[in-house]
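J.: In order, the protein sequences belong to chains Y and C.
Under my numbering, residues 84 to 251 are what the first sequence spells out, in order.
Under my numbering, residues 575 to 937 are what the second sequence spells out, in order.
Where hints are given, some of them may not hold.
[Said to hold, decoys possible] Here are the simulated lysine-lysine pairs, DSSO-like style, with alpha carbons at most 27 Å apart:
#, chain 1, residue 1, chain 2, residue 2
1, C, Lys909, Y, Lys248
2, C, Lys659, Y, Lys110
3, Y, Lys166, C, Lys733
4, C, Lys663, C, Lys733
5, C, Lys663, Y, Lys110
6, C, Lys673, Y, Lys166
7, C, Lys673, C, Lys659
8, C, Lys733, Y, Lys211
9, C, Lys640, C, Lys896
10, Y, Lys249, C, Lys909
Simulated from the structure, these hints should not be mistaken for laboratory data.
Here's the letter readout for the chains.
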Amino acid sequence: MELNQLMFFLLAGLILFFSVLAITSRKILRAAIYLLTVLIATSGLYFMLNYEFMAAVQLTLYAGGIVVLIIFSILLTSHISHKFEQPALANVFAGALTGILGCGVAIWSIIKFPFVTTTQPALVVDMKVVGTQLMNTGDYGYALPFEVISVLLLAAMIAAIIIAKKGN
Amino acid sequence: MDFNIYDFTSFTTWVHNALTSSMSPGWAMFVELAIVGVVFIAFYAVIGLYLVYAERKVCALIQNRKGPNRVGPFGLLQTIADLFKLLMKELIYIKNADKFLFNLAPFIVIIASFMAIAALPFAKGLHAIDLNIGIFYLFAVSSLGVIGILLAGWSSNSKYSLIGAIRSGAQVVSYELSVGLALLSIVIFSGSMQLSTIVESQANGWWIIKGHIPAIISFLIFLVASTAETNRGPFDLAEAESELTAGFHTEYSGIKFAFFFLAEYMNMFIVAAIAATVFLGGWMPFHIPGLDGMNHVMDYIPPFVWFMGKTAFIIFIMMWFKWTFPRLRIDQLLKLEWKYLLPLNLMNIVLIAFIVLMGWYIK
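Bound conformation, chain Y alone (with noise of 0.2 Å):
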């Protein structure tokens, strides 16, 4: 086995062991580490396609932002002796139910696409063309989308502020 496909599948195995972890564990800060360490091995996926820029994004954005948020907010409300009862047999089944669909609709959508094999080697990304193509009005531009995004930030930041003040 090739030393790429080894990692590929440390990683893969790394992902799928700590997603079984996360959701089953009855400690709620455990399980955000777990997802941490699915979130780090994920940017370690995107590291080993030569895709740094992704890698840095998912680093800094899911491991260094949102679970750090979650993590913070465990800590404000949670104590460390609490732990969640089992669900119940229904709600378990469902889950799985869900499950099993979604990762269905995955698999057969990854099956179904036309991958195109290719020998040339990988391209550098730019991370030039990145900034221009997101703020791009033309073809694959993603302008609108941008903004759009940044009006919802900023009716959700409007919403906390007002939470947070209390009446007045």
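Here the structure of chain Y is known, so what remains is to put chain C in place on it, guided by the hints.
T.: Leaving out everything else, chain C in the frame of chain Y:
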């Protein structure tokens, strides 16, 4: 063997060729990774120990004392003796702590600083990985260390630890923004996120000189924000010893405490190295275009010495901060970031974009 202290490229190629000629490429890569890892661990230990020594000496200088002076000449072996003391101390286990997370936390802090050190350019050709998004990568991994601090605080099951961790979380999450935006200003100037390109772009002058006023503003913001991000005084609320015993690492003892301690000093080294690379030219000697005689003299000093010298200078400033200013309160800390540094930073970014657009900087 071809060893040149001014350019390590030939040396690293020689190592690479020697390895690939004697084993398969996969194994050669594995051995190279192991060599880099061992070198970094050794570097980490030496720098960490001597930063502790430097801190005690700087503190003593400012407080008009002598500092460590008994163990070895000038007390140079003091921190090594301290290390052995810490290694032999008992590891105390807390009865009602979450043991798995309690033991994991110091390693997360250490690993985060290790990931950052891998991307630093120490000298020409002495660079473990030269990612094309170098600065962004450093910014990304430096935000992981706080997870270890938060975990340590929560899993210790102690009120002091928890308060320290929550303070630290609020602090790092807010000051991260200023660190990122201050670095972004130099990305705009140099037009690249690759650290080697940024260093090369300073061959005719460092960015703090070429970028004049806005670069100096960014540099000052970076100094303040990165001191806060590394949880150092005057921003050391997370471990404020007068009110929280020792903050998030109150319950740690022996070598696990030493890990937090070492990581704090290494994080200081890393942010100082980033500041030196981005604002002060990294390993690039001090050049003034036109003065060829002086430029040649500067070129005789090896790049590694330049890099370490600049880093040491910034570390000295950060230690100076710690022993000069009193500790901030949490509301003052958050006010400083959200009401002063962040708006200033955003305006500075717009100013820099305008200056670069008009070409009003030294090219």
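J.: If a hint holds in the structure, say so; if it does not, say that too.
T.: How the hints compare with the structure:
no.	hint	verdict
1	C/Lys909 to Y/Lys248	17 Å, holds
2	C/Lys659 to Y/Lys110	36 Å, violated
3	Y/Lys166 to C/Lys733	19 Å, holds
4	C/Lys663 to C/Lys733	24 Å, holds
5	C/Lys663 to Y/Lys110	31 Å, violated
6	C/Lys673 to Y/Lys166	15 Å, holds
7	C/Lys673 to C/Lys659	24 Å, holds
8	C/Lys733 to Y/Lys211	48 Å, violated
9	C/Lys640 to C/Lys896	18 Å, holds
10	Y/Lys249 to C/Lys909	20 Å, holds
Consistency note: the structure conflicts with the earlier hints numbered 2, 5, 8.
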